[in-house]
Amino acid sequence: MSTTCLFYLPLCLWLFIAFALLALTQFNHRRACGMTDLPPSRTRLIRLMAGVMLLFALVISIAHESSGFGFLLWVGLLSLCACAVALLLGWYPRLLAPLARLMAKPST
Amino acid sequence: MVPAGLKTTARILLALGGGYWASSASFALLARVLTACGMPRVDAVTLGMMLVFILYLCLILWVFAARRVWLPFWVLCGLIAAGHMAPFFFTQGH
Amino acid sequence: MEPDFRRAMGWLHTWAGVLLGSVLFAIFWMGTLSVFDIEIDQWMKPATRLPPAAQTLALERFRPSLNEAIAARAAFWNVEPPNDRQSVASVHYRTKTGFVSHDIDPVSGRTLPDAGTLGASGFIFPFHYSLHLRIMNLGTWLVGLASMAMLVLCVSGVIIHRKIFAEFFTFRPSKKPRRLLLDLHNLSGVLGLPFHIMLTFSGLVILGATFFPASINALYPNPRGYFYEANGLSFLNVKPGQPGAPVVSLDETFARAQAVWGNGSPETVLVATPGTTTGRIAFFRDRTQQVVMDRDVVAFSSTTGELVSHPPAPRAIIRTQRFLSGLHLIHFHHWVLRWLYFMLGLGSCLLIASGFLFWQASRRTKQANTFGFRLVEGLSAGSITGIMLATLAFFISNRLLPPGAHAFGMGRAALEIGCFYLVWVGAFLHGWLRPRRVWIEQSAAISAFSALAAMLNWITTGDHPLHSLANRYLWPVAGMDMLLLVGSALAFLTARKLARKQPGKAVGKTV
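Respectively, the protein sequence lines represent chains A, B and C. Numbering follows UniProt numbering, in which position 96 of the first sequence is assigned residue number 96; successive positions increment by one, without gaps. Numbering follows UniProt numbering, in which position 87 of the second sequence is assigned residue number 87; successive positions increment by one, without gaps. Numbering follows UniProt numbering, in which position 317 of the third sequence is assigned residue number 317; successive positions increment by one, without gaps.
FYI, nobody ran anything at the bench for these hints, they're computed from the structure. Careful: at least some of the hints might be erroneous.
[As the list claims (entries may be wrong)] Subject to a maximum C-alpha distance of 20 Å in a straight line, what follows is the list of computed SDA-like cross-link-like pairs (lysine to any residue): (1) Lys7(B) with Thr14(C); (2) Lys163(C) with Arg94(A); (3) Lys163(C) with Arg31(A); (4) Lys7(B) with Asp4(C); (5) Lys163(C) with Gly90(A); (6) Lys163(C) with Asn28(A); (7) Lys175(C) with Arg94(A); (8) Lys163(C) with Arg179(C); (9) Lys163(C) with Phe27(A); (10) Lys7(B) with Phe5(C); (11) Lys175(C) with Cys33(A); (12) Lys501(C) with Ser174(C); (13) Lys163(C) with Ala32(A); (14) Lys175(C) with Leu102(A); (15) Lys7(B) with Trp11(C); (16) Lys7(B) with Trp15(C); (17) Lys176(C) with Thr25(A).
For reference, chain A alone in the conformation it holds in the complex:
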């Protein structure tokens, strides 16, 4: 039970954030959160970062489980977490507004 909480839940959260970042680089989802568009360079940077996060999750889950279980787990959670982002954006996009605001902050 404790491994469940210490590994799977953070992994889900991690994938969720990665997908939320990806979604929030898209104009229609940013608008739904009440934000303006991002500059193209920032968009590219964030997409790259999200991609790295997704790959890192694969590495982590393979390191924690065996290669077979880790891969299947990653594929499955990828679908579910992306789905969670889509549902959240459909019903309560405002909940992602803090993240969207954070993405727009100048990096100083």
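With the hints as your guide, set chains B and C onto chain A.
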């Protein structure tokens, strides 16, 4: 002119039946070639069994996507002929 | 991309989906339930709901059953010791007249009374790959056709999806039903795409020898030769011997098998042609901690106890194939993954259902009264909500039929299946007769049936959800009851929402 319904039926038959026959024949050909190259026969068959579905899928999509049905038709015929000709070139089968 | 190509793919996607959608839904629905086949078995066979035994039963304790098999001249006999999904042991053997299967109490070793049901592993799982149509293997071929169609649908769906990345996360619950259905279809299709493709492809590969026997016939004298060689079962390739030979001690042979493995426990112990001079005892190693279905079989002669075969570890190609079959058959024990499969499987069901409903929603205004439209309308209701109702009827009849029930020349297990088909056919008829109300009424019926199934489990066995939650060994039962209750609530909400929106149309639902 050929009626549209007949054309569609021909395509479906060619994709499902012809595609099946052609992939089955090329699968047998592949297994023979691989064993002739020294691969153990159980590996050759298993590898073919994983690839044959991909081939079948591509053939089905191609038959439906092609503007004219003749090119896929002749390619399928070629594959079938090649597969069925193979036993005469590889005698060490069993 | 050329517009012609896209149009061709769109045509293919539409018609492959409409024609084979019903079959695909049935396959995916039954496959999703099969993820929890052993757990459903425990729900359907209350006598097997036992706490796990502290000590493993010696293999010799199964000797009486083995002797029965020898007396019946069985082709094989096997025992599956208890494992962490199933606390009872089970023995199976096949005689000339049929297949015999018994559950064994893991503590006392006595045979449990026959539950009179095929359960999930005897009905739902075989339905998944054979549709319960055994004539000329018709069901399996139909499943193969539908699976190829699924691959075609996945590829053509990606091609015709205009904005796959721009609408990757798009879900707009406030839009019109038609738009919402398309969003649901795209969302479940795109996000679940790895799952749909992986599972469909691996399913085809598992049955590959059935669908494409050509190369096996080219290289092997008979298909069995390939099957034995690929699965490390070449010890079965012996001439039939004379009956009357003894079978050596299973426990002593097992000790020898363990010495070969180094360590490990058996998942299945098989005695092939027991009691003949060429009989074999084989131990299939428990590989529940890995995806690859590599069972590391050790075989001994059953008359002398000599080691007959222990195939070397499989090479890369065979390993790949076993990885594919392992990821499809979920032979491994991993609870998080099992639940993931279940949810993704429901996602596939949603994909097929929403596709069906979108086809109708986009044609309703123009063709609502044509024969073809009415046909598909009833077909989709019967194959989506209908199969759910039929499955629930199967569960309910399992709890209602008395032990040893017999009617219309059918035994209890056959009667349960009769109920399944009766309700399913009824659902199709209902769909054709009352197309305006069918989704509301069948959703309401699903809600009632699921709640009833959970209630009947409580009434007939006394294991109410709180009791089963409190005992670890009853968690499979608790899980099943919970899913039934959650499904009931969801179906109720769906029915209510649909009734309010009348004449608005359906949204996807789960049980």
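Status of each hint after checking the structure:
1. Lys7(B) with Thr14(C): holds (18 Å)
2. Lys163(C) with Arg94(A): violated (24 Å)
3. Lys163(C) with Arg31(A): holds (18 Å)
4. Lys7(B) with Asp4(C): Holds: Lys7(B) and Asp4(C) sit about 16 Å apart, inside 20 Å.
5. Lys163(C) with Gly90(A): Given pair Lys163(C), Gly90(A) holds - Cα atoms ~17 Å apart, limit 20 Å.
6. Lys163(C) with Asn28(A): The given pair, whose Cα atoms are some 13 Å apart, holds under the 20 Å limit.
7. Lys175(C) with Arg94(A): holds (18 Å)
8. Lys163(C) with Arg179(C): Given pair Lys163(C), Arg179(C) holds - Cα atoms ~15 Å apart, limit 20 Å.
9. Lys163(C) with Phe27(A): holds (14 Å)
10. Lys7(B) with Phe5(C): holds (17 Å)
11. Lys175(C) with Cys33(A): Satisfied, since the Cα-Cα distance of roughly 18 Å is no more than 20 Å.
12. Lys501(C) with Ser174(C): holds (13 Å)
13. Lys163(C) with Ala32(A): holds (19 Å)
14. Lys175(C) with Leu102(A): Judged against 20 Å, a Cα distance of about 29 Å means the pair is violated.
15. Lys7(B) with Trp11(C): Given that 20 Å is the threshold and the Cα spacing comes to 14 Å, the pair holds.
16. Lys7(B) with Trp15(C): holds (15 Å)
17. Lys176(C) with Thr25(A): violated (26 Å)
The structure fails hints 2, 14, 17 (numbered hints given earlier, in ascending order).
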